[in-house]
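K.L.:
Below, each chain spelled out in residue letters.
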Amino acid sequence: MQWETVIGLEVHVQLATRSKIFSGASTAFGAEPNTQACAVDLGLPGVLPVLNEQAVAMAVQFGLAVHADIAEVSVFDRKNYFYPDLPKGYQTSQMYHPIVGPGDVEITLEDGSTKRIRIHHAHLEEDAGKSLHEDFHGMTGIDLNRAGTPLLEIVSEPDMRNAKEAAAYLKAIHSIVTYLGISDGNMAEGSMRCDVNVSVRPQGQEAFGTRAEIKNVNSFRFVERAIAFEVERQIELIEDGGSVVQETRLFDPDRDETRSMRTKEEANDYRYFPCPDLLPVVLDQAYLDHLREQLPELPADKRERFQNELGLSAYDANVISASRDMAEFFEAVHSECGDAKQAANWVQGELSGALNRESLSIANSPISARQLGELISRVLDDTINGKAAKEVFQALWNGQGESADEVIDAKGLKQVTDTGAIEAMIDQVIADSPAQVAQYRDSEPEKRGKMIGYFVGQVMKASRGTANPQQVNGLLKEKLDALL
Amino acid sequence: MYEKTLTQLVAALKSGEFSSRELTAHYLQRIEKADGKLNSFISVTAEQALKQAEIADNERVAGNARPLAGIPLALKDIFCTLGVKTSCGSKMLDNFIAPYNATVVEKLNAAGTISLGKTNMDEFAMGSSTENSYYGPVKNPWDLTAVPGGSSGGSAAAVAAGLVPAAMGTDTGGSIRQPAAFCGITGLKPTYGRVSRFGIIAYASSLDQAGPMARSAEDCAHLLGVIAGYDGRDSTSVARGVPDYVEGLNAPLSGLKIGLPKEYFGDGLDPEVEKAVREAVKVYQSLGATVREVSLPHTHYAIPAYYVIAPAEASSNLSRYDGVRFGHRCDNPSDLIDLYTRSRAEGFGEEVKRRILIGTHTLSEGFFDAYYTKAQQVRRLIRQDFLDAFEDVDVLMGPASPTPAFDLGAKKDPVSMYLQDIYTIAVNLAGIPGISVPAGFVGSRPVGLQILGTHFAEAQLLNVAHQFQQATDWHLQRPAFAEEYA
Numbered sequence: 001m002q003w004e005t006v007i008g009l010e011v012h013v014q015l016a017t018r019s020k021i022f023s024g025a026s027t028a029f030g031a032e033p034n035t036q037a038c039a040v041d042l043g044l045p046g047v048l049p050v051l052n053e054q055a056v057a058m059a060v061q062f063g064l065a066v067h068a069d070i071a072e073v074s075v076f077d078r079k080n081y082f083y084p085d086l087p088k089g090y091q092t093s094q095m096y097h098p099i100v101g102p103g104d105v106e107i108t109l110e111d112g113s114t115k116r117i118r119i120h121h122a123h124l125e126e127d128a129g130k131s132l133h134e135d136f137h138g139m140t141g142i143d144l145n146r147a148g149t150p151l152l153e154i155v156s157e158p159d160m161r162n163a164k165e166a167a168a169y170l171k172a173i174h175s176i177v178t179y180l181g182i183s184d185g186n187m188a189e190g191s192m193r194c195d196v197n198v199s200v201r202p203q204g205q206e207a208f209g210t211r212a213e214i215k216n217v218n219s220f221r222f223v224e225r226a227i228a229f230e231v232e233r234q235i236e237l238i239e240d241g242g243s244v245v246q247e248t249r250l251f252d253p254d255r256d257e258t259r260s261m262r263t264k265e266e267a268n269d270y271r272y273f274p275c276p277d278l279l280p281v282v283l284d285q286a287y288l289d290h291l292r293e294q295l296p297e298l299p300a301d302k303r304e305r306f307q308n309e310l311g312l313s314a315y316d317a318n319v320i321s322a323s324r325d326m327a328e329f330f331e332a333v334h335s336e337c338g339d340a341k342q343a344a345n346w347v348q349g350e351l352s353g354a355l356n357r358e359s360l361s362i363a364n365s366p367i368s369a370r371q372l373g374e375l376i377s378r379v380l381d382d383t384i385n386g387k388a389a390k391e392v393f394q395a396l397w398n399g400q401g402e403s404a405d406e407v408i409d410a411k412g413l414k415q416v417t418d419t420g421a422i423e424a425m426i427d428q429v430i431a432d433s434p435a436q437v438a439q440y441r442d443s444e445p446e447k448r449g450k451m452i453g454y455f456v457g458q459v460m461k462a463s464r465g466t467a468n469p470q471q472v473n474g475l476l477k478e479k480l481d482a483l484l
Numbered sequence: 001m002y003e004k005t006l007t008q009l010v011a012a013l014k015s016g017e018f019s020s021r022e023l024t025a026h027y028l029q030r031i032e033k034a035d036g037k038l039n040s041f042i043s044v045t046a047e048q049a050l051k052q053a054e055i056a057d058n059e060r061v062a063g064n065a066r067p068l069a070g071i072p073l074a075l076k077d078i079f080c081t082l083g084v085k086t087s088c089g090s091k092m093l094d095n096f097i098a099p100y101n102a103t104v105v106e107k108l109n110a111a112g113t114i115s116l117g118k119t120n121m122d123e124f125a126m127g128s129s130t131e132n133s134y135y136g137p138v139k140n141p142w143d144l145t146a147v148p149g150g151s152s153g154g155s156a157a158a159v160a161a162g163l164v165p166a167a168m169g170t171d172t173g174g175s176i177r178q179p180a181a182f183c184g185i186t187g188l189k190p191t192y193g194r195v196s197r198f199g200i201i202a203y204a205s206s207l208d209q210a211g212p213m214a215r216s217a218e219d220c221a222h223l224l225g226v227i228a229g230y231d232g233r234d235s236t237s238v239a240r241g242v243p244d245y246v247e248g249l250n251a252p253l254s255g256l257k258i259g260l261p262k263e264y265f266g267d268g269l270d271p272e273v274e275k276a277v278r279e280a281v282k283v284y285q286s287l288g289a290t291v292r293e294v295s296l297p298h299t300h301y302a303i304p305a306y307y308v309i310a311p312a313e314a315s316s317n318l319s320r321y322d323g324v325r326f327g328h329r330c331d332n333p334s335d336l337i338d339l340y341t342r343s344r345a346e347g348f349g350e351e352v353k354r355r356i357l358i359g360t361h362t363l364s365e366g367f368f369d370a371y372y373t374k375a376q377q378v379r380r381l382i383r384q385d386f387l388d389a390f391e392d393v394d395v396l397m398g399p400a401s402p403t404p405a406f407d408l409g410a411k412k413d414p415v416s417m418y419l420q421d422i423y424t425i426a427v428n429l430a431g432i433p434g435i436s437v438p439a440g441f442v443g444s445r446p447v448g449l450q451i452l453g454t455h456f457a458e459a460q461l462l463n464v465a466h467q468f469q470q471a472t473d474w475h476l477q478r479p480a481f482a483e484e485y486a
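Going line by line, the protein sequences match chains A and B.
Going by the UniProt record's numbering, the residue at position 170 of the first sequence is 170; the numbering climbs one at a time, nothing skipped.
Going by the UniProt record's numbering, the residue at position 213 of the second sequence is 213; the numbering climbs one at a time, nothing skipped.
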């Protein structure tokens, strides 16, 4: 039987507010345990929450970026359950009236095609603390620094049909939130985590199969692997005559498998009810307009513009627009050199390669967009050839010079385009290579094209790489053919 | 000194009749002598109080005394007080020293008042008799075999016995007004949102409100002016100016339109209480007020609605007492579930457990709409009843409680205890203010007249109450118990 996979994602994004969603404590990552938890975060008797307006603004910006309806009135609810890292015994969330209503996101697949994934809603909530099971023999340590960090939970419709689409969706969300600057999107530090709902159904069947929810998958790669395992597990189960039970599962990246955490019967009854300590959030049109005006150009718009106005390929446009830092670097390079295609090649080729080798982000690139743009300009105006350009790039990367021109001068890499000078070098090479000249002369005409490479190499060597390769080629051919 | 009202004490301190240190020592001495019989205090902070009194006296000498500088008060043990045990009447918090001050406490400190200590109360403010305290029941100074009412019974008894000139209480379903009535003092529950709830240990967040309990409406006016106002730390507090409550006390009442809700004079009302209340209304008529009967048709739904909403909120508010971070923790828990179940089973009393169970049930899947959603609908109807009534009349009057103080141990069935709050509970559901003023006695036990106004009508309530107290002297009467310790 042919099976179809159905996937929906719940993405939890930590918002980059300075303080927590309901208290004034800092949200910075990595502090000593429990040093960034105030009375409100600890859930001490008598404390009350006060909503952080910045978290609301960020949620609204996300909503606007995914073309969603923004709720005029949204309400915080309490989700009640006991857990040691949940200080109040409830999580303040939005169950019935979330701040962001239905919207959609366009994802780009590897073949360059696009697909629209609908967003069911997104809501604000507070993060819990962390339970630390290592370091405490037979006990659990509780770190409440993370408790109260604002989260935006983005819930998709079950619109994805394979692991690649799910990963592409997650990347699209990542790129939107980082473009907006509402999250650092750092998956390793837990700034973005995701729960994956997976089910399978026979191809052509309309009703959904029973789904399993895989909790807390925290990398793009793990999302793909978790789904791959889960789909296989479910299909095998059904084909062996069993049936999928609705349950929560955990992905174990070390074993590359998902394991049951709790079944529907064991599920909590969260007893949601409106939080009486917080007023409904009421947003007016002027506020929404104000935030809309502040939206940056978003990845989808940039992608389209790079493709349509700058003539980049769909692939290049997609890769470069995926990260706001890369897109802005590219645009700065482009505005310096004026050639989008070259700018794209250099940013994705030489620069990305060097950054990857040294595990640097583009924001920390040792070579600036201006330096790279100028370097490309020197190639375009024939000041240097491609080989020399790579040398200049390396020199700038290593900090050996402020600008491309400075490096070119210092290293004497300026291209020789003076015909007389090139001819003199050619004549010398021909004179020094009688055997090769004879061989060239005796060859079949169609093989001579290949043999010319030897002479070009010798001339370039003689010029220490600075001769213009096209000129060398042309002149050599003329001179050798004259000897026939 | 103890026989003076707070207003008189302010004047006496100002004129130098005695110092705050003398005054404070006087009350501390009375507490020491008398409270063994009343049990109205959980903690007495004598040393701290005397230190503060000295500061107030120095201020007075320096000529920069704050308005209520050197006035001793007591705080219901539900207000978090920095460095002082704040138990909420519960074993669960018997070991809890609050690391911060409630906004009300901050404001009282800023006004120069002195806290003598923390008063006894029903555990987590759940009760109408102060019999539900981990620290034992409080006795009514008018009759030591009677309850003082609850849940702010410690505050009411202490003020009535002259152990302190005034005290702070909280009122979720009548917990200021009913004990004020039972103990023959004046107690005001402000409009929901008038006083910050920050630092007040939550029972039912949408209903809880703090207010003053004192000898007179004038005393309450002084204190409300200090504690009222918007607080950025409480989102439900209301950004609205605080009027000068004292200034308006003497406005004449001619033309005042009084409504008597017929539902407040029906079955279950003690005839002698009714008689006292009707006498009080006559006093108002003699002051130029007109009286008419009105109806609050949804009154009989108030108790059921309250006992869905309040326990629902409480079940969630009390989840933080889990033995993990503060409060009671059981010995040698075998695992997490054992830690939770035993810490909570040991730390909470019967009534608290009962309400947590009720609230957990009404919020659970399949019951939520039938209980919680329905109760919220009823709540809106009850609120509308009041708003409709206030279209026609300025204030509503009736008894604060259907009976005078009952005997200790008399109400064994929880529902009969819940019915005690029949006249007070709807007021919290509607969010309007109410005040109880002494209006006579049934035997030796006081009767309270309850006066209700529309949202933010505290100034009017205080004015109406004060005028009554200008025409009567019920509020000046003292139990014999108070005189014994003169």
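Please keep in mind that the hints were generated in silico from the structure rather than gathered at the bench.
Treat the hints with care, since some could be wrong.
In the BS3-like style, the derived pairs of lysine-lysine whose C-alpha atoms are separated by at most 25 Å in a straight line are [said to hold, decoys possible]:
1. A:K79 x B:K37
2. B:K282 x A:K79
3. A:K264 x A:K215
4. A:K411 x A:K461
5. A:K264 x A:K387
6. A:K341 x A:K264
K.L.:
So, for every hint listed, does it hold in this structure?
P.N.:
Here is how each hint holds up against the structure:
no., hint, result
1, A:K79 x B:K37, "violated, 45 Å"
2, B:K282 x A:K79, "violated, 52 Å"
3, A:K264 x A:K215, "holds, 14 Å"
4, A:K411 x A:K461, "holds, 15 Å"
5, A:K264 x A:K387, "violated, 64 Å"
6, A:K341 x A:K264, "violated, 54 Å"
Violation of the numbered hints given earlier is confined to hints 1, 2, 5, 6; the remaining hints are satisfied by the structure.
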